[in-house]
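**Student:** All chains should be built: construct the whole structure from the sequences, respecting the hints.
Protein chains in written order, with numbering that gives the first Met the number 0: chain A, 0 to 596; chain B, 0 to 611.
In case anyone wonders, no lab produced these hints; they're calculated from the structure. Owing to the predicted nature of the structure, the values given are computational and were not obtained by experimental measurement. Treat the hints with care, as some may be off.
[Stated by the list, open to error] Calculated lysine-lysine pairs in the PhoX-like style (CA-CA distance at most 20 Å, straight line):
#1 A:LYS127 / A:LYS358
#2 A:LYS238 / B:LYS113
#3 B:LYS205 / A:LYS439
#4 B:LYS461 / A:LYS439
#5 A:LYS4 / A:LYS16
#6 A:LYS574 / A:LYS554
#7 B:LYS114 / A:LYS241
#8 A:LYS197 / A:LYS319
#9 A:LYS241 / B:LYS20
#10 B:LYS114 / A:LYS242
#11 A:LYS238 / B:LYS114
#12 A:LYS237 / B:LYS114
#13 B:LYS20 / B:LYS31
#14 B:LYS198 / B:LYS209
#15 B:LYS352 / A:LYS237
#16 A:LYS416 / A:LYS453
#17 A:LYS347 / A:LYS237
#18 A:LYS368 / A:LYS358
#19 A:LYS425 / B:LYS222
#20 B:LYS572 / A:LYS471
#21 B:LYS484 / B:LYS474
#22 B:LYS222 / B:LYS194
#23 B:LYS360 / B:LYS419
#24 B:LYS32 / B:LYS21
#25 A:LYS127 / B:LYS222
#26 B:LYS205 / A:LYS129
#27 B:LYS31 / A:LYS493
#28 A:LYS368 / A:LYS347
#29 A:LYS237 / B:LYS461
[To be verified] Some chain B residues close to chain A (C-beta under 7 Å, calculated; not the full set):
#30 ALA57
#31 THR60
#32 PHE112
#33 GLN116
#34 PHE165
#35 VAL166
#36 THR219
#37 THR224
#38 LEU227
#39 VAL228
#40 LEU229
All C-beta atoms in this analysis are idealised placements derived from N, C-alpha and C, irrespective of residue type, glycine included.
Residue strings, one per chain:
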Amino acid sequence: MKQAKFVWRFLHGNRLKTLGIILVVLLYVSMTLISPLLFSFLIDNVINLNPITNPFMIAVSEALGGVLTIRGNLGIGAVLLVLIQLLIGMFIYLRGRWNGQVSEFFAEKVRNAMYEHLQRLPYSYHVKAKTGDLIQRCTSDVDTCRRFLAGQISELVYAVAIATIAMSILFSIYAPLAWIAVVSLPIIFLFAYIFFKKMQSAFQKSDEAEGAMSADLQENLAGTRVVKAFNREEYELKKFDKKNGEFRDLTFRLIQLLGFYWGFSDFVCLLQILAVVIFGIFFARSGEITVGNFFVFISYEGMILWPIRNVGRILSDMGKMSVSISRLNEILDTPIEDMVNGTTPDVKGDIVFDHVYFKYDDGDKDVLKDVSFSVKQGQTIAILGPTGSGKSSLMHLLTRLYDYNAGSITLNNHELKEIQRHHLRKNVGIVLQEPFLFSKTIFENIRMANPKAKEPEVLRAAQIASVHDVIKEFELGYKTLVGEKGVTLSGGQKQRIAIARTIINNCPILIFDDSLSAVDTQTDASIRSALREVSRGVTTFLITHRIASAQNADKIVVLQDGEVTQIGTHETLSKEEGLYQRIVEIQNAMIEGGDDE
Amino acid sequence: MSEHFEEQEFNTDKLDTGLWKKIFKLLWVHKKKLAVLYFFMIMVATVDVAFPYLNKMAIDTFISGNGDLSQLPWFALAYFACILAQGINVYYFIKQAGLIEMDFAYDVRNRAFKKLQELSFSYYDKTPLGWIMARVTSDIGRLAEILSWSLMDLVWGSSVMIGITFVMFSVNWRLALLVLMVMPVLAAISVWFQKRILKSYREVRKVNSKITGAFSEGITGAKTTKTLVLEEINYGEFNALTHDMRAQSIRAAVLSAIFMPIVMSLGSISSAAILWYGGNQVLLGALQFGTLMLFTQYAGQFFEPLRQIARLLAEFQMAQASAERVLSLLSAEPQIVDTPEVIAKYGTVLNPKREAYEKIKGNVTFDHVSFHYNPEEPVLRDFSLDVTSGQTIALVGETGSGKSTIVNLLCRFYEPVSGKILIDGVDMRERSIGWLHSNLGYVLQSPHLFSGSVRENIRYGKLDATEEEIVEAAKLVNAHEFIEKLEQGYDTDVGEGGGRLSTGQKQLISFARAVLADPAIFVLDEATSSIDTETEQIIQHAIETLLVHRTSFIIAHRLSTIVSADRILVIKKGRVVEDGTHGELMKKKGYYFRLYTNQFNEELQDKLLRIA
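**Tutor:** Written out as structure tokens, the structure is:
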């Protein structure tokens with residue numbers, strides 16, 4: 000039911016056309032069935048001069064000038080045949096065209112919906128998301144639905160219509176032979192249905208094996224350095240060979256089973272035709288049916304059998320589509336972030352953390368415990384602490400990528416949770432630890448967050464981030480493409496471009512989540528001093544491991560296991576027993592150790 | 000690079016026979032299987048041609064002719080034999096084609112993978128990963144499909160056409176000519192259409208791959224998108240893509256929708272002619288009903304093989320690009336290869352003779368080494384360096400100074416343009432790449448883990464390591480503690496590329512991996528950048544004890560991690576500008592001094608003032 004709702008929803012705007020497809024298919028079926036009847040008419044009534052029994056055909060032949068006229072001008076029959084074929088052609092064309100339009104509009108809408116929804120899913124979703132799986136859903140699952148609409152619906156209608164109409168005509172001609180003609184249909188249908196139902200897991204296994212093989216290749220290529228440096232080529236080849244072989248074997252087995260299916264069902268279908276031929280011979284000889292009838296029976300038998308076999312397959316494929324739809328629905332049903340509701344106060348940069356507690360939805364341990372401190376507008380706050388102490392989580396709270404569970408955070412006395420996310424994120428710029436650059440030019444990447452920015456602003460941002468000189472050295476400068484088709488940037492270069500991209504927005508609050516880790520110390524220092532120059536009045540948070548980066552901060556917050564253990568300045572903390580002092584000592588010991596040698 | 004290849008796809012309008020010869024050579028390995036396949040295919044075609052003839056017999060002999068019923072059992076038996084044969088034929092040809100398809104793909108993929116393991120770094124630097132992936136997965140798959148199924152269709156199609164023509168001419172040559180009359184026109188139209196249809200579907204595939212790329216970027220970049228509030232901009236761009244996709248797809252669908260009706264209408268002219276002419280013949284008593292029926296059936300049956308062959312020709316033309324790219328991968332020459340003598344002695348990377356590997360001491364000499372990635376930008380010029388076994392060498396310098404190049408040369412990821420590198424006094428090139436790499440430990444700035452458990456990843460350093468050795472290695476680099484805290488300890492799945500772990504954790508594991516390898520030469524490339532100071536400190540001690548008997552090269556931007564090196568080399572524009580211990584270099588008050596003091600600027604000023 001949910002599946003039908005899904006299809007109905009995305010068919011919006013094309014529902015009438017879908018109806019049109021069904022109509023055209025019905026017309027197509029009628030025309031297809033008329034051809035053999037015409038032949039039969041010509042054979043029996045025109046050539047063999049049997050009397051016409053069907054009142055409709057009497058009317059038709061009278062309209063054409065009577066049987067004898069037709070007999071004298073067989074060209075009339077020939078022209079009729081061509082006419083019918085032209086009509087069939089037109090219906091086929093319309094069917095193909097509308098099928099294409101309906102399915103493609105449908106696919107476009109689904110793709111857009113998926114993309115938009117994914118973008119709006121909360122941060123926590125993306126942290127856990129498996130990229131490959133999501134991409135597969137958005138591409139191949141959408142395609143499964145598209146294919147169903149593109150061909151299978153009309154095939155289904157075609158099969159059902161042609162089987163019912165053809166059978167009723169056959170029964171009206173001569174019921175005993177008609178019974179013989181349909182005896183195997185349920186068997187063929189059930190066999191196809193059950194077979195493909197059972198095959199689904201085999202199809203899936205083959206797909207999975209292919210996926211595993213690609214994944215293995217991908218990892219090997221991405222890790223070439225490691226493979227080569229550890230001399231593991233042989234091992235890798237064996238590993239790949241295994242995956243490659245598994246894929247081959249599973250798929251071959253699948254094909255073999257398919258071969259069995261086609262071979263066996265062909266056998267049954269052809270036997271069915273033989274039965275009609277043999278019994279037909281007897282009935283024709285005894286005069287129960289005419290030669291023309293015999294022709295109609297054999298022609299119709301072929302028209303019914305193959306579509307019926309297909310119906311079994313399509314119905315079992317519908318199972319696949321319903322799985323695909325539920326996989327898509329799984330994403331679409333995940334609640335998105337509320338970007339709209341909330342207040343939009345002026346954000347300045349006075350921030351108060353008051354007994355803040357936070358834990359992840361799926362975790363049982365508090366990541367942040369009773370965190371309290373306050374920040375004045377324009378201050379620089381350094382946050383230090385061991386890996387996993389909650390530094391990044393604390394910063395994520397500030398942009399509402401996550402919401403705190405207890406306590407309060409206020410921005411100029413506005414409770415953070417009440418501020419609209421869109422507004423908040425426009426005002427709080429954060430540079431992530433592992434920033435992502437889009438496959439566009441460097442210029443476009445920097446300007447992305449602020450499409451109105453002019454070229455000088457982009458260059459200035461790059462200069463502040465100390466990346467301008469690097470960019471200028473690329474052959475295409477700012478027009479250099481990032482990613483696979485362009486340059487491969489080093490970690491430090493990426494971080495600096497990400498910084499440029501963030502600061503172009505002139506946010507009153509800036510967060511650097513260890514985003515200078517891959518930059519050398521000299522550049523680190525020059526970025527910080529450039530920032531100090533241009534961002535007076537901007538509240539800045541710095542997560543860092545480097546004392547040198549932290550020591551100029553107005554306030555240093557030391558986090559351990561989610562708790563604030565020390566707050567102070569470099570001056571005070573250096574003298575206070577604790578983690579900060581230990582870090583300073585370690586770094587000092589290095590200096591002295593070096594000096595002594 | 001990838002764009003360059005995309006362009007090629009459309010320049011191939013002629014069949015390149017030389018190219019296909021090479022591809023068929025790859026296929027020739029399966030010649031016996033192919034022979035079996037084609038046998039079954041010809042059988043299928045024969046039966047296909049036979050059925051309408053049997054139906055004609057049914058009418059002419061048994062119905063209209065009121066022939067002798069005693070012949071009917073024989074007729075039924077012949078009919079049944081054909082049916083049985085067809086069932087068996089169909090099973091075997093599908094099985095056989097599947098076998099060839101899968102075997103061919105398997106072989107060529109393994110070849111390609113092997114080649115990829117042998118190729119040097121310069122190849123990977125120039126070739127995007129996605130390009131290689133597409134070659135090995137979809138291009139090879141497409142070739143395998145064409146060489147098995149499509150080629151088979153060709154055999155079937157021609158057999159059916161020959162068979163029908165033969166039977167028709169032997170039954171009634173006038174009617175045969177009527178059937179064949181429209182075929183040249185049909186053939187021409189089919190070829191014309193099939194080419195365009197395939198081309199338009201190719202366009203669709205191109206947009207489709209862009210959409211896949213956009214999804215991939217939208218998902219991996221989602222976190223960044225959020226922080227920068229880019230949702231609407233991205234959505235707008237994505238909309239443009241899907242809109243394009245829809246337009247292209249509909250164009251392709253309409254093109255194929257128009258093809259069939261045109262062809263069918265043309266075909267019906269042939270049927271109509273048969274009916275007209277043949278009908279009159281029947282009226283004159285010159286022709287039997289069954290024969291008339293036979294020809295109408297054949298007229299319909301003749302078209303399908305024709306369409307298949309037309310499609311096939313177009314397919315081969317389109318697949319040429321795939322073939323070209325697969326061959327270009329298979330024939331790529333690794334730039335770094337061992338000489339035949341070295342291979343004779345040590346074996347290849349994939350087939351090593353480990354018993355011939357000499358024990359390494361770890362003396363490294365760079366002897367007047369020059370190197371560049373492209374001739375206009377020399378990276379190293381006449382670089383010489385002598386490192387005694389067991390020394391720890393720290394390489395310091397700005398990005399692009401040549402530090403990484405030195406390490407790349409040492410690992411023989413690249414080879415010097417001139418000069419040589421000696422290990423234990425012997426030119427590196429006189430021993431195998433495998434020998435060098437089996438003595439090397441390497442930790443990278445952005446550590447690469449393979450999907451699988453933590454244990455498997457550490458074990459990568461030494462495939463036959465025992466559980467104790469693995470744990471010990473982890474302890475040595477202080478990874479044990481956090482690994483134990485993971486949900487399933489050492490069995491925890493690290494995810495794709497180690498994605499479920501933090502960068503710091505990944506680094507620790509890659510470190511343990513290198514430690515387990517127990518190499519004589521250690522290379523640490525920015526190994527500690529994302530580990531917090533305390534952890535780094537702990538590792539630092541581990542490294543120090545670990546490096547005692549090993550030659551090691553450390554590249555780090557953070558000077559604190561290298562102060563204890565035996566020698567610090569300051570590299571500037573591909574030359575060593577300063578060389579000495581931390582103390583010596585500090586006294587020199589040169590480049591290193593400035594670099595170093597910059598980092599601890601305020602602190603150090605303080606200190607120096609006090610000393611003075």
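**Student:** Which earlier hints turn out false for this structure, listed by number in ascending order?
**Tutor:** 4, 9, 16, 17, 22, 26, 27, 28, 31, 34, 35
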